[in-house]
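Trainee: The primary structure of each chain is shown beneath.
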Amino acid sequence: MDVLQLAISGLANGCVYGLIALGFVLIYKATEAVNFAQGDFMMLGAFITLGLTNAEFMGLPFWIAVPIAIAIMAAFGYLLDMLVLRRMFGQSQIAVVMLTIALGFVLRFVAGTIWGHEPKSLESPIAGLDVRFGGLVLGLDEISVIIVTVLLTIVLYLYFNRTKLGIAMQAASQNQLAAYYMGIPVKRVHSMIWALAGAVAAIAGVLFASKGSIDPSTGLLGIKAFAAAVIGGFGSLPGALLGGVIVGLIEPFASYYIAAGYSQVMPYLLLFLILVFRPHGILAQIHRKKV
Amino acid sequence: MRTVFKTSYDADINLFRHGQQAAWYIALLVLAVALPFLLGTFWLGEMTNVLIWAIAGMGLMVLVGQTGQASLGHAAFLAIGCYANVLLQDPVGLPFVLSFPLAGLIAGVAGTLIAMPMSQLHGIYLGIGTLALAILTDDLIVIAEPLTNGVVGLIPPTISIFGVTIDRYMTPDRFYWLVLVVAIAVILIYRNLLRTPLGRSFSAVRDSEVSARAMGVNVARTKAVSFGMSTAITGLAGALMGHFAGVFNNETFNLVISIQLLLMIVIGGLGTIHGAFFGAFVVALLPQAIAISRDVVGALLGGGAVAIPGLESAIFGALLILFILFEPMGIYGRWFKIRTYFELFPFYRRDMFRRQKSYLKTERMR
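Here the protein sequences line up with chains C and V, keeping their order.
Numbering of the first sequence is given in the numbering used here, commencing with residue 10 and proceeding in unit increments.
Numbering of the second sequence is given in the numbering used here, commencing with residue 10 and proceeding in unit increments.
These aren't lab readings, by the way, just hints derived from the structure by calculation.
Everything numeric in this text was worked out from a predicted model, so none of it was measured.
We put the CB at the ideal spot given by N, CA and C, even for glycine.
Some hints here could point you the wrong way.
Listed below are several chain C residues computed to face chain V (Cβ distance under 7 Å; list not exhaustive) [what the hints assert, rightly or not]: (1) I17; (2) L108; (3) I110; (4) V239.
Far from chain C, by Cβ distances over 10 Å, these chain V residues were calculated [claimed, not checked]: (5) P126; (6) A293; (7) Q297.
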């Protein structure tokens, strides 16, 4: 029973990591930019929802607040690409990395100034309820995280394979020049990818905030999601989720079976081993460039 | 503008381009040496801090500016240098004169060992690997408690070089001179490194790995050597930082320090020694600048000083965003442009330093 309980909570955490990692990978695949602020996007999405729902702020109903927050984050992502990141086109990856790290600092400050630095919890209808299966007690929040992640994955899969815009995004990520020749507005597609990443981050933020409290430095969770993305294989959407789930599962089991102090090292140790022995992740999509 | 008429092959690799330049740097050196007589204890401490950050910045600059490899985990090597230096002095009993270079050596060897398996990685993967390293180091220091005293931390002993005691608080001027000597030594090593074949191969790897390989540069080895040199210098800075801080634990060298170090050299100007120093001034003096401006604003508004948590890193982040967008060459780049403007006076053109239009450089096959 313990094992199952641990697995479910690990899976729920892993899904959040996976969703953040998904944001990284979406952006990386399409624009080759690495968005280190993705964790902070998640934090911002969670705080916007919190600001709209919680009684002390706007007090809107939860189900109205969530779509608004997703829309705000999508718009934020779109504008960010249009106004800031488009100027970085053609510069080295590292420059973009540093830009997004700096952006993370700024976002943390903004969120802290607006909503305060103390941990806050989202007044969501799924928080704190239990579901019983036989002898198993599971949090409704954990189960809904898993269900929403699965649904979101299916939606994204269909979107990328069935819709015109999704295929245009794939094309733009595979070969920008060729996509441009085919009449795809590559710049706008890039901005849309950022919007999509913002929306996914907002969903991840809502899910994470329903599971526990959030504060402005929650965004540092993005580092774990980053590890997840690398473990799964940067540049592979299923890999991101797989990596997220692996990291999520390792954590509770490591803290259960291994002495404290050693357990939190495990995800990074795995990351290290993956980088050394399988540098491009489990589901590798990237190969060495040949001349 | 002064045109140097080259009369020998050495003119290309001389330390100074012409006598006037050398004179300026000597004047700067004299000023730096005389600083303890000009400044009070507090500002001397701040200047020492600037120098230590500049040494650490030069360490990272070798890797990022010269070889083009990003490391997000250099705080790990600050920590290694710091702990090695103190542990070699206290339980082992070596004098500072030996423990200090050994600390750099240990950090360098550690860096090389870590870089060797990771030298196949490029760009972002190396960044993530080093990021993980920084987090692991934090945890490892706690785990290795018998040696490192865990979260309680260690207190570095007073330095004694051939009978002269140097303490951060008792004799701040001596400590400043010690740091200055180390900084100058590092500058000379760095400057000379750039003139060697090794330094040239660093630049080749930075500009294009593929063409570096085609020119016969062993890319993996160059990266590992660069990492080792970078971490050795950073280790020296870490050892000084430990003595400067007075007490340190696993939190002293956290992830934020690594990131701050990286952002610092970008603000300063990538690929130049000047950049490390300009960046160090920004990082080390920004908290003071904020504190002073806060007092001024508080006095103007008639109220007490207002404390805004997180303001420092937010200003830092905003500065960095502005620099990356509008002046990718950093403070040094801006200074260089201003200088060129006056040197060429009526003939400066706006597009002189215009970035070449480039397309997305891809590292992947599909």
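Trainee: Compare the structure with each hint and give your call.
Mentor: Quick rundown of the hints versus the structure:
1. Hint on I17(C) is violated. Least Cβ distance to chain V is approximately 26 Å, over the 7 Å limit.
2. At its closest, the beta carbon of L108(C) sits 5 Å from a beta carbon of chain V; the interface hint therefore holds under the 7 Å criterion.
3. A cut of 7 Å between beta carbons decides the hint on I110(C): the least distance to chain V is about 6 Å, and the hint holds.
4. With a cut of 7 Å, the hint placing V239(C) at the interface with chain V holds, because the nearest CB-to-CB distance is about 5 Å.
5. Against the 10 Å criterion, P126(V) falls within the reach of chain C, whose nearest CB is about 4 Å from its own CB.
6. The claim that A293(V) is not at the interface with chain C holds, since no C-beta of that chain comes within 10 Å of its own (minimum 17 Å).
7. Distance to chain C confirms Q297(V) as a non-interface residue, since its nearest Cβ pair spans about 19 Å, more than 10 Å.
Comparing the model with each numbered hint stated earlier shows that hints 1 and 5 do not hold.
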